[in-house]
Amino acid sequence: MTELGPGAYFGEVALVTGQPRTASVESLVETSLVKVSKEEFDRLLDHNPQLARHIIQQLSGWLVSGDRRLEEEVVHQVKLRQISWFDYALMVSLSLFLALIFNFYNDSGIPLIYGWGEKPSIPEISLGQALEIYQKNEATFVDARKSAFFTQQHIKGAQNLPEVLFPLMYPMFQYMVTQTEGAKDKPFIVYGGTLSRRFDVVLARLLKKKGFKQVQVLQDYGGWRKVFPLEGKPPVEAPSAPLGLAGYLEWVPVSIFLLILIPAVRRSPYLSIYCRLLVGVIFMSFALSKIMRPAVFALNVVDFGMMPSWGVDLWSLALPWAELVVGMFLVLGIRTRAAATLIAAMLLIFMVGLLHAIYLHLPINCGCVGEVGEPVTWWKMLKNTGMLVMCIQTFLYDRFLVLDRGGFIWRASAI
Amino acid sequence: MNRESLKLAAVFGLILVMLAVSGCGESRSQFAGTYRSVNPVGEKNYIDLELEESGKGTWTVAGSTTEFTWVVNDRKIWIYLKTGAIIIITPSGGGEELSADMTGEWHPGCPPNSCVTFKRVAKGG
Chain G
867 MTELGPGAYF GEVALVTGQP RTASVESLVE TSLVKVSKEE FDRLLDHNPQ LARHIIQQLS
927 GWLVSGDRRL EEEVVHQVKL RQISWFDYAL MVSLSLFLAL IFNFYNDSGI PLIYGWGEKP
987 SIPEISLGQA LEIYQKNEAT FVDARKSAFF TQQHIKGAQN LPEVLFPLMY PMFQYMVTQT
1047 EGAKDKPFIV YGGTLSRRFD VVLARLLKKK GFKQVQVLQD YGGWRKVFPL EGKPPVEAPS
1107 APLGLAGYLE WVPVSIFLLI LIPAVRRSPY LSIYCRLLVG VIFMSFALSK IMRPAVFALN
1167 VVDFGMMPSW GVDLWSLALP WAELVVGMFL VLGIRTRAAA TLIAAMLLIF MVGLLHAIYL
1227 HLPINCGCVG EVGEPVTWWK MLKNTGMLVM CIQTFLYDRF LVLDRGGFIW RASAI
Chain S
63 MNRESLKLAA VFGLILVMLA VSGCGESRSQ FAGTYRSVNP VGEKNYIDLE LEESGKGTWT
123 VAGSTTEFTW VVNDRKIWIY LKTGAIIIIT PSGGGEELSA DMTGEWHPGC PPNSCVTFKR
183 VAKGG
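Going line by line, the protein sequences match chains G and S. Just so we're aligned, residue 867 is where the first sequence starts under my numbering, counting upward by one. Just so we're aligned, residue 63 is where the second sequence starts under my numbering, counting upward by one.
Take these hints with a grain of salt, some might be off.
[Unchecked claim] Partial pick of chain G residues on the chain S-facing surface, computed with a CB cut under 7 angstroms:
| # | residue |
| --- | --- |
| 1 | LEU881 |
| 2 | ALA1014 |
| 3 | LEU1154 |
Bear in mind the hints are in silico, worked out from the structure with no lab data behind them. By construction, the Cβ of each residue, glycine as well, lies at the ideal position given by its N, Cα and C atoms.
Build out the structure end to end from the sequences listed, making use of the hints.
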């Protein structure tokens, strides 16, 4: 819209092109108007080259500025669709950098690689030999895993001393040993190691430090289930703790299954904003619930039993920071397509872990939102699937409310 | 300061604010103090639990002391060990009595077979 003054003219585009007018005019004050017909206009141009040149200049100016706006808008949209390795490198390196710096200054920091440099100073005993000793009742078997795992299944007659609670539980264990006839003089055979952490070796080392001379660990740490007589209770679902706002928020992504059924909404960039902000905020709240105490989250990772022990601490340090950084990129609208794919990749990893835990009936805490009391269930799978669909929608259709890639775009604008 | 630096500054600023907010918990003052287990471990060793208002604490039994940090979350005391284990304690009687769930898991109450009860005592006593 523009305001014209005395001597100005309008409607010349229609006169030159013979097309309908491109604009309408409204008078604000008492105005004298001279009407020029097509024939008069052509005659005027024939006899007045100065006027003809002026009109050509004006029309060319409009063409150029229109072209420029079009180009800017196209470049903007193209940039939004761009995705590069740099985006991933930026987010991953920023997460790692922050994780390492924070861990260095954090009072609850953990070593980058658990047990790095420690020598395996505990003698091992083969399953066959241990079984022979077991049958003769010549050793005390000690299960080093958490009590929930022990309750579910253990070697018949074994004692439970969770390695992670050793400082608190040892006096009770010591008392039990003194009270059990002959237990003091028997060797101790410790078991309960996993791919993710050798609880058995660590516990055996701690028992040796406490003065127990005859301590051994079982070879083939997972093999006891096939060889020894077992006892335990059938798996029960762990009680769930109230998770507060984050627990409720996590349910909202399930709404995507309804929203994508509406054709007009399915591809809407406004739905992308909803998905992006929601997934971003959820991931940030996930991260904040575990970022302060990486050792707690590391134990949650260990419980899944899928990560090799050398990678547990690195993963436990980096993942919450990656959740925070990538979630923030989504919320702020910076490199959103790359952020959406990174979150989708994390979700896929979580879902594989959840399936593994559900299939094996592991008595574990999810470690997703809170530190404890979040059972692994199919509901959790559904919520994660909802977030995965949201990430795909964001990847495909996100283009508004973004801070990056050529300036801030508030809404769709006509070119 | 160019545009890229401003974006990164926004990200860092937001992270700092969120960390500060997430670090805040409920007040510890009501539960800070010295506690002793009601029953001994074994025949004569009682557990002494010291909760300092700073968020640090100690668990002493049979001459062996373990340090930990603690927070109050949803009216329960959460004890964090260096190993990553968590002990959840349910206070009662306005913080005069504590029930520690020794399973290291979350339960709505304290499981009877894995529960250690503490009573507040005067410091040093």
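Hint check results:
Using the Cβ-Cβ criterion of 7 angstroms, the hint placing LEU881/G at the interface with chain S is not satisfied: the shortest such distance is roughly 45 angstroms. Proximity of ALA1014/G to chain S holds as hinted, the smallest CB-CB distance being about 6 angstroms (cut-off 7 angstroms). Residue-level restraint check for LEU1154/G holds (minimum Cβ-Cβ distance to chain S is 4 angstroms; threshold 7 angstroms).
Figure legend: structure checked against the earlier numbered hints; the only hint not met is number 1.
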